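Colleague: Listed below are the residues making up each chain.
4 protein chains.
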Amino acid sequence: MALWGGRFSEDTAKNVTEFSESVSYDKRLYKFDVLGSKAHSAMLASCGIIPQETANLITKELDVIEKRIDDGDFEFKAELEDIHMHIESALIEALGDEGARVHTARSRNDQVALDVRMYVKSEITELIAGIKDFQKALLSQCERNGDAILPGFTHLQHAQPVLFAHHLLAYVEMLGRDVERLESCYTRVDYLPLGSGALAGSTLPIDREFVREKLGFSKITRNSMDTVADRDYMIELLNALATFGIHVSRLSEDVILWCSQEFNFVELSDAFCTGSSLMPQKKNPDIAEISRGKSARIIGSLMTMLTLCKGLPLTYNRDLQEDKEPLFDAIDTAKKILSVFPQMMLEMEVNRENMLEAASDPALMATDVAEKLVELNVPFRNAHHRVGAFVKWCKDNNKELNEVSLKEMQITIPEANEEFLTLFSPVSSVEKRQCFGGTAPEQVKEQIEFWNNFLTD
Amino acid sequence: MALWGGRFSEDTAKNVTEFSESVSYDKRLYKFDVLGSKAHSAMLASCGIIPQETANLITKELDVIEKRIDDGDFEFKAELEDIHMHIESALIEALGDEGARVHTARSRNDQVALDVRMYVKSEITELIAGIKDFQKALLSQCERNGDAILPGFTHLQHAQPVLFAHHLLAYVEMLGRDVERLESCYTRVDYLPLGSGALAGSTLPIDREFVREKLGFSKITRNSMDTVADRDYMIELLNALATFGIHVSRLSEDVILWCSQEFNFVELSDAFCTGSSLMPQKKNPDIAEISRGKSARIIGSLMTMLTLCKGLPLTYNRDLQEDKEPLFDAIDTAKKILSVFPQMMLEMEVNRENMLEAASDPALMATDVAEKLVELNVPFRNAHHRVGAFVKWCKDNNKELNEVSLKEMQITIPEANEEFLTLFSPVSSVEKRQCFGGTAPEQVKEQIEFWNNFLTD
Amino acid sequence: MALWGGRFSEDTAKNVTEFSESVSYDKRLYKFDVLGSKAHSAMLASCGIIPQETANLITKELDVIEKRIDDGDFEFKAELEDIHMHIESALIEALGDEGARVHTARSRNDQVALDVRMYVKSEITELIAGIKDFQKALLSQCERNGDAILPGFTHLQHAQPVLFAHHLLAYVEMLGRDVERLESCYTRVDYLPLGSGALAGSTLPIDREFVREKLGFSKITRNSMDTVADRDYMIELLNALATFGIHVSRLSEDVILWCSQEFNFVELSDAFCTGSSLMPQKKNPDIAEISRGKSARIIGSLMTMLTLCKGLPLTYNRDLQEDKEPLFDAIDTAKKILSVFPQMMLEMEVNRENMLEAASDPALMATDVAEKLVELNVPFRNAHHRVGAFVKWCKDNNKELNEVSLKEMQITIPEANEEFLTLFSPVSSVEKRQCFGGTAPEQVKEQIEFWNNFLTD
Amino acid sequence: MALWGGRFSEDTAKNVTEFSESVSYDKRLYKFDVLGSKAHSAMLASCGIIPQETANLITKELDVIEKRIDDGDFEFKAELEDIHMHIESALIEALGDEGARVHTARSRNDQVALDVRMYVKSEITELIAGIKDFQKALLSQCERNGDAILPGFTHLQHAQPVLFAHHLLAYVEMLGRDVERLESCYTRVDYLPLGSGALAGSTLPIDREFVREKLGFSKITRNSMDTVADRDYMIELLNALATFGIHVSRLSEDVILWCSQEFNFVELSDAFCTGSSLMPQKKNPDIAEISRGKSARIIGSLMTMLTLCKGLPLTYNRDLQEDKEPLFDAIDTAKKILSVFPQMMLEMEVNRENMLEAASDPALMATDVAEKLVELNVPFRNAHHRVGAFVKWCKDNNKELNEVSLKEMQITIPEANEEFLTLFSPVSSVEKRQCFGGTAPEQVKEQIEFWNNFLTD
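Chains as they are written, first to last, in the working numbering: chain W, 13 to 469; chain Y, 13 to 469; chain Z, 13 to 469; chain U, 13 to 469.
These are calculated hints, taken from the structure and not from any lab test.
Note that the structure is predicted; figures quoted are calculated from it, not measured.
Please note that the accuracy of each hint is not assured.
Intra- or inter-copy, both count: the list cannot distinguish identical chains.
Here are the simulated EDC-like cross-link-like pairs (lysine to aspartate or glutamate), alpha carbons at most 20 Å apart as the crow flies [what the hints assert, rightly or not]:
#1 348 with 337
#2 39 with 412
#3 50 with 159
#4 50 with 369
#5 133 with 192
#6 336 with 221
#7 50 with 155
#8 72 with 82
#9 295 with 33
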C-alpha cells in the first residue's frame, strides 16, 4: 500500500454521490414528474390498487410540492439522486404511509421515460412555434425588400442574379423542413411509456389506457423492455435540431459575408453587434457568428447520444443517465438561437444599391446569352462553348460583356443579333426565370403567399 | 525558389483531375442519370424547346449507353469528371449536335440533385424491405422459441424473468421505428429538383410538372436556390441508418453475451462464425461483432455529412461533392448488415435450459414479493424495504430466497403467508405480467400477431 | 407586419446580452486572469508604457478583486459579457484612470488565449496526477491478487488463461499512454500568447519575454494572427481525454461483465453501487456504467470542437467563444471519473475461485497443445488443424479436452504422448508464456516493478 | 415459416464471406506482411524453433509472392479473408509443410498489429514530408509577395493591416504543429507488437528483441493483452490528420473568400479551377472547396474510430477489423490534399493593389490612434472611448477617418496633434508592430528565416 497515496480515501460516499447524482440537471423535469404521479395515483385508485382517498391526498400534496419548487422553497441534495426521489421523499415526509404508496407498480425506469417524453413533447411544440416565427421574420424581410436583386452565388462566385427575397425564401424552405421533421419526431415521442415497470411490466392490475388518456398521449408503447431501453426519439430530435443548426449556420455565413466591408450588402442593427476591446472602429456580427458556432454544439450533442447508446445490451443501463444533458443542451441551444436570430433578420437593413451593383456584373448574364442561342436553335452545349469563347474574348480585350459591339460579339457568337446586346440587365434576367420555383418576381410572390397561408393556418 | 523541391511540378493536371473527379464513385448513378435525361429530353420536346425527333434520338442512344455500361463496355476516365459528363459526352459523340441539346435548360447542379434523389428513393425502398425481412426473421425465432424464459437484465444484472420472445420483440419494435423513420424521410426526398438550373431556374419555357409525372415524384421543389444547396434528406437518411445501426449494435451485444461461455444461452450456426488462426478451439460470433463495429461507421458518415454542410453559404459549393461517399457507404453498410444478420438470427439455436436455469435465480422474483405485499395493503415503498431486508437476511444466512421457511421470511416480512413461498417460479412470474406491453405469454402473443399482420399487409 | 407576432419585440437587449455573454462559464478563469493582468502590468511598467506606481496599484487591487471572487463577494452580470471585462471594470471602478491603463497593448483576443492556456496547463498537471493515481490503484490491485488467473478473452470467448494482474496491467499501459499524450499536448500549450494583440501585435514597445518569464511559459508564440485563431491545443487535449475515456469505457465494460451473475468474477464495494427503486435485490455497478456513458460525452465535446473550427477564416471569429464549454466539460468529466473510478478498482474484491474455475476450461489450453506439437517438429499450421480436429472429436463425443485417454487423443493427434495429457492446467499454461510482455508470473512481476519505479520517480 | 420469405436462403456462405472479408482493403498491407513474415521466420530459425533452411525457403518464396502481387499476378478471393491468409496460403501452396511453419508462435492478432504499425510509420514519414513541402510552398509565396499588405480580419471585419506574408506564416505555424503532432504520434507507434500472440504471448522460446532490431522498431510493447487490443495510435493519428484538415479548411475558406468577386485579392491558376456546365463565365476555386469538404471526411473517420473502440471489453474483438478503412481513408485524404494544395498556393497570383486598397480603409488604423494617445499618457480605456467617439463622429459626418481636419479630430480627441493625421497609412501601421510575432516586416523576415532554417535541416 506504500505506493498508494490515499488521495481519495476520505469522503468516498460524497464523491460517489456527487458523481452519480442527476438532480442538478433533471430537476427541470419536476412539473412533468408531478403531472405523471398525479395521473399514476388516479389510475392506481381507479383500479383499486390504492384507496381513492390516498390518491386524493397524494394529488393535493404534489401540488404543494410543485408550488414549493416553483417558489424556490425546496431543498435539492445529491443524496436523493434525482428529481423523482426528491418528490417521492417529500411526499412520504408529508403523508407518511400514504405517500409511500405512490411508487406502486412503477419503476424509475418507466417514470423517467414518462417525464422525459412529456418534456420533449412540450419542447417540440415550443420549438415549432419558434421556427415558424423565424419563418415569419424572413417573410417579413422578403416583403420589405421584395424587389432587391443580388448576385446568386455558387462556389462563392457570381453565378446569376436573383431576388433577395428568393434567397431568403430558400431559408424559409429549410425551416419548413425543420418543422416537418420535428412533427415527424413528435409522432414517435407521443407514446405512453408508464406501465412498463423496470423492464417487464407489472404483476398488479394496472390500466395503461387510463393514464394515456389522462396525460394526452396518442398511443401506448407495445413492449416493456424496448420502452425502458429506447432513446431513439432523443436521437431523432437531436438530429432534427442539428439540421436546424446547419441551416442557421449557413444563413449566418451569408449574413457574415454580407456584413463584410467587401460585400457590404446589409447592415445589422447595433443591438445585434458588439465592438472590440481593442479596436474602436469594429462592429462585429456576433450573433451570427455565435449561432454558427452553436450549431457545432448541437452536432456534438448528437454524437454524444449516438455513441452513448451504441453497443448497450438490453434493457436499461445506467449509461443512459448521460442522455439528459446533451438533450437539454441541444434544446436550450436551439431555443437560444430562436430567441435572437429571427429578430436580427427582421431588423436587418439591406443596402439595395450595393446588391444591385454587384448583380449588374454582366458576366452574371452569360447563361441568358447561351439560352437565347438555344432559342435560335443552337444546341445548348455549342451555345455554351460560344459564350465561353465570348467571355474569354472580352477578358483578353479588357472589356466587360456589355461593352462590346454587335460585331465584336459576332466574332465568337456568329448568331448574335441586336437583341443579344440587351441581355445584360439583372432586372430582366431575373424576370425571365419564370419556371416554378424560379427567381422571377411572380414566382417569388407565389411562394411568399404559399408560406404566408401556411403560417396563418 | 532554391528551397522548393519541385515535388509536384510534373503531372499537375493529372493530380488535379484525380483530386476532383467523382466518376470513380458516382458512376453507380448511371441508370438514374439515363432515366432523368430521357424524361428531360421528352419534356424539352413537349415544350418545343428541342425537336421531338431529337428527343427520340437521345432516348434511343441513352438506352445504348446504358446497355454499354451494364455490359462493362464503357470507358470511364477522370478527365470527364463525373458520370453526368460521361453520358453527355457519349451522347454527343454518337449524335453530334443532336446530343449537344440534352443539357438545355439544365445544370449539373439540378441534374445531380435529381439522380441522387432517385437513387435514394430506390435505396430507401430496398432498405425498408430488408428491415421488414429482419423483423420477420425475429418473429420466426419468437414463434420457434415462444415460451423460452431468460432473465431480463438491467445494468447487466438479473432483474426479472422475461420471455425470450418478449426480448426479441423489443428489437422488432426498434426495427419498426426504423421503417417509420425511413418512410418519413422518403416523403422529404420525393420532390423533383430538376428545373432549378444552376441556382435560379431557367429562362426557357420548361415544364417541371411534365418531368415530375414522368419520373414518379410526388411533389416539385419550391425554391431553386434551396434545391441545389439542400442536403437535408441525406442527413436525415444517415441519421435513420445510424439509429438502425445502434439497434443492430445492441442486438449484437446481446448475442455476443449470449454466446459467451459464461452465458451460454444460444449457439450460432457455424456459417456465421469463424475460428482463430492460432487457437484451435475458438468459435467466434464474428458477424455480430463486425455489425456492432459497422454501426460506428455509419455514425462516422453522419458526422462527415453534418460537418460538411455546416457553415456553407448559399448555394452550391463544391464541398458538397464529398456528400456521395458517406451516403453510399452508409447505405451499403446497412444493406450488408441486412444481408447476413437476419439469417443469423433466424438460424440461432436457443439453449432453453440454460436460459431457464439463469432465470430461476429466486432473487429475480423479489419484485413479485413486494407487489404481493402491496396486494396486502402494505405501501409499496415499505414493501420494497421489507423485501430488501429479506434479500439481505438471506445473503447473511447463505440461503437462496426460495430456501427459507415461512418463519424465516416473517423475520423481515411479517405479513408473509404460505402463498409467498410459491412466488419464486419464473414461469408464473412471467405469467403475472399481464398489462399491455408486459411479458405475459398472452401479451407477447398479441404483439406477435400485431407484427405478423403489419408485415403481411 | 400583420403576420409578425412580435414575440421577441421586448427585452431585445436582454435576450442578446444573455445570448452572447460568457461570464456564466468563463468566470472560472478568474485566477488566471488576475495572474495575467499582474504580469502584464508589471511588464508595461518595466517598459515605461505605464508608471510603476500604476502597476503597483493595479496589482494590489487585483488581489482585492481575486479575494472578493474567492469569497463570493463579487457580482457577475451578463452586460459585462465575460470575466475579463468584469475584472477590468472592477479595477476601473476602484482605481479610476489608473485602472483604465491595464488593457494597454492588449486585446481580449490575446488575453483570453493567455488565460485559457494557463488554465489548461494547470488542468493537465492535475489530470496527469490523477491518472497516475489511477495506475497506482490498479497496481495495488495487481499486487493484492497477483496470482489470480482468469480466462483471457478474444471475441468475448475464452481464449487462453492469463493472470488477473496481467489483465489489469493492460490498463496500466493504456493509462501510461494517456499520460504521455497529455505531456505531449502540454508542450504545445506552453507558449505565451500575450503580446499578439487583436491579431497583429502592438505598436507599443512591449516586452513579451518579460511576461513569459514571469508567468512560467517555456516559449513565446511566433505569429500573432495564428495565436489568436489557434485552438489546436484544445482539440489535442480533448482527443487525449477522449482516448482516456475510451480506456475507462473498456475497463468499465470488463467490470460490468465481471459483476454479472453469469461471470461473477468480482464484487464491488457497496459504496460504488446503487439499488433499484423497484427491484429490492439489485446491486448495480453504476459507477462503471456512468463512466462508460461519460466517455461518449467527451467524444461529443471533441466533435463540437472540431466542427466549430472547421472552415473559419482567419483570425478570431466569435464562434470560437463556444470553445470553452466543451473544453471545460471534457476536463471536468475526466476529473470526475478520476474522483471515483480508481478507488472503486482499489476496493474491488476478486472471486479468485470463480475466475480459476472459468480458466480451467481445458479448451483454453488448445493453443498449448498445438505449440507442444511444434516442439515435436510438426509444422504449426498442421498442428493447428490436428488440435482443431481434436476439439471437434471431443465435442462430438461429449468429452472435455482433459477427459480423454492418450489413445483417444492420438486418433486426431498421432504425435501425442503422455505429456500432452498434462497440458490442461491453467496455472502451468500461464507459467509457460515467458516471452517479454507475456502473462507468465515473472514477466508480470517485472512489469509491475517497471510501473512502480515509473510512478515513484 | 410461411411468413419468412427466404430472401437470404441461398448463397449464405457467400454472403457471410463477403460480409466479413477484409482482403479487398487490407491487401495494401502486403509489403509489410512480407517484411514481417521474413523477420519472424528469421527469428524462429535463430531461436531453433524452425530450421534455418525453412526460414531461407520462406524468405525466398515471400519475395516471389511479393513480386507476384507487385505485378498484379496474384488472385485475391474473399474466402481467404485477409491479406495475411492469402500470403500464408500461397506460401503453403508453394512450400508445403515448410510454408506451414511460418505462423508458428504468431497469431493474426499480433501479425495485423505489426503490419499496421509498419504501414503507419511509413505513412507518417510521407505525411511529414508532404506537410513540409506545403510549408515550403507557403514560404515561397511569402518571399514572392513579402511586402503585400491586406486587411487583417477578425469576425470577417477589417481589423488592422497586416503583411500578406504574415497571414501566410500563420498557416506555416499551424502546419508546423501538425508535423510536431505526427512526430509525437510516431513515437507511440514505434513499438514492436509481434510476439504478443493472440493475447497472452507464446509458450515457445521466441526472441522479440531480434525481431525489433530486424524491423527497425525503437521499443517492444510491454503487455500482450494491451498490444492486441490497442488502437490508440490510430486515434491519435486520425486526430492529428483531422487537425491538419481543419487548418486546410481554414486556408481554403480564406482562398475562397479572396477569389470572390467581392474580395478579388488573388487569382488561382486555371489548372486548379473548373468551369460550370451551365454558366459559361464561371471559374470556381474547386480545389479549395473540395479540400474544405474533405476535412469533414477526416473528422468522420476519427468519429468512426472513437465510437468503434468505446466500450469494447479486452482483448481483441472483431469490431476492430473496421478500423482499417477509416484509417486508410484519412491517410489517403490527407495525402490527396497534399498532392494539389501546396502547388495551388505556390502558383496563386496576388492582386497586390486590391489588397492594399482594402487595407487603406483608414478605420483599420483606429487602434494606432488609440495607442498613440497612450503614448501621450491617456489611459488606454479612455483612449479607446475617444477613438470610438471619433469613429462615430466621422460616420455621422460622412467622412473617412483620414478626411478630417485636426480641429475636427480634436472635437472627440482633444489631445490629438498634427502627427495624428499621419497615422492612416497601412504601410507605416504595419511597420510599427515590432513586437516578437508581430506583423512588422523585420519580424516577418525573421520568422521566414526561422522556418527556412527549420525546413532545410
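Colleague: Can you tell me if residue 39 and residue 412 fall within 20 Å by alpha carbon in one copy, between copies, both or neither?
Modeller: neither (66 Å within a copy, 39 Å between copies)
Colleague: For the identical chains here, do residue 50 and residue 369 meet the 20 Å Cα criterion within one copy, between copies, both, or neither?
Modeller: neither (65 Å within a copy, 40 Å between copies)
Colleague: Have a look at residue 50 and residue 155 and pick one of within, between, both or neither, based on CA distance no larger than 20 Å.
Modeller: neither (49 Å within a copy, 39 Å between copies)
Colleague: Checking an output row: residue 72 and residue 82, CA cutoff 20 Å. Within, between, both or neither?
Modeller: within (15 Å within a copy, 43 Å between copies)
Colleague: Indicate which option fits the pair residue 295, residue 33 if close means a Cα-Cα distance not exceeding 20 Å: within, between, both or neither.
Modeller: between (44 Å within a copy, 17 Å between copies)
Colleague: Regarding residue 133 and residue 192, is the shortest C-alpha distance of 20 Å or less found within a copy, between copies, in both, or in neither?
Modeller: Cα proximity of residue 133 and residue 192: in one copy and across copies (14 Å, 18 Å).
Colleague: Could you figure out if residue 50 and residue 159 sit no more than 20 Å apart (CA to CA) within one copy, between two copies, both or neither?
Modeller: Neither: 56 Å inside a copy, 36 Å across copies.
Colleague: Treating 20 Å as the Cα threshold, decide for residue 348 and residue 337: within, between, both or neither.
Modeller: both (16 Å within a copy, 16 Å between copies)
Colleague: Under a CA distance limit of 20 Å, which applies to residue 336 and residue 221: within one copy, between copies, both, or neither?
Modeller: Cα proximity of residue 336 and residue 221: none, with 27 Å in one copy and 46 Å across.
In the structure shown, a violation is registered for the earlier hints numbered 2, 3, 4, 6 and 7, in ascending order.
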